[in-house]
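Novice: Chains as they are written, first to last, in my numbering: chain X, 1 to 112; chain C, 1 to 116.
These are calculated hints, taken from the structure and not from any lab test. Bear in mind the structure is a predicted one, so any value in this text is a computation, not a measurement. Every residue gets a Cβ at the ideal spot worked out from N, C-alpha and C, and that includes glycine. Any given hint might turn out to be false.
What the hints assert, rightly or not - Computed Cβ-Cβ distance ranges for the label pairs, DEER-style:
no., chain 1, residue 1, chain 2, residue 2, range
1, C, Ala2, X, Lys111, 34 to 40 Å
2, X, Lys111, C, Gly72, 42 to 48 Å
3, C, Ser66, X, Pro40, 29 to 35 Å
To be verified - So the derived list for chain X, only partly shown, Cβ under 8 Å to chain C, looks like this:
no., residue
4, His43
5, Leu44
6, Lys49
7, Tyr50
8, Lys61
9, Ala87
10, Leu100
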Amino acid sequence: AQSVSQHNHHVILSEAASLELGCNYSYGGTVNLFWYVQYPGQHLQLLLKYFSGDPLVKGIKGFEAEFIKSKFSFNLRKPSMQWSDTAEYFCAVTSNTGKLIFGQGTTLQVKP
Amino acid sequence: GAGVSQSPSNKVTEKGKDVELRCDPISGHTALYWYRQSLGQGLEFLIYFQGNSAPDKSGLPSDRFSAERTGGSVSTLTIQRTQQEDSAVYLCASSFLSSGRSDTQYFGPGTRLTVL
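In isolation and in its complexed conformation, chain X is listed as follows (with noise of 0.2 Å):
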């Protein structure tokens, strides 16, 4: 059965810090793979998205993740937090019926 694995369920991280939050999937197709974000009091937004090309992608407000085929893995990346960036993380990968499967979440709380 396809699955979504992420490694950090609660981090802190003060402003100006750099993040990185894993991702681990398993699928054995091809895959398209999502991060998603959830703002306080908001709606699930996406971040950024994998289909196909350069594995390394760029998302909205400074996020990138890279795509690494021979781990399984699309760990999300900000080199600089901003209190802003307080919210639940979301990874996702998508099934052949086009249905989100979701990892766990990740609850990041970044202190100004």
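Place chain C on chain X using the hints.
Specialist: Relative to chain X, chain C alone:
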């Protein structure tokens, strides 16, 4: 343009009652998805519509849950004889292309269901 909308935004009901949750997808989006977000289970897929048909209902947790989509647009998720474990935020998402797997899904704000 307008995003995915859902109604009601909050619903409080008593155990055993039926509830209906509505989703209005982005205009022109052919695919529509329902998910559930709860504390213990995270984000779970419920059902997927392509047009008015539902080729994937594998995530519906029991036969108390059903959904329909009419006119290739609005969808309704119905929960019969609600139980306390049904309490969650129910999310709807839509995407443009029919192929499914490669499409970006856009989410609505959700309906928070509380079963007393």
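Novice: Could you tell me which of the numbered hints above are not met by this structure, giving the numbers in increasing order?
Specialist: 7, 8, 9
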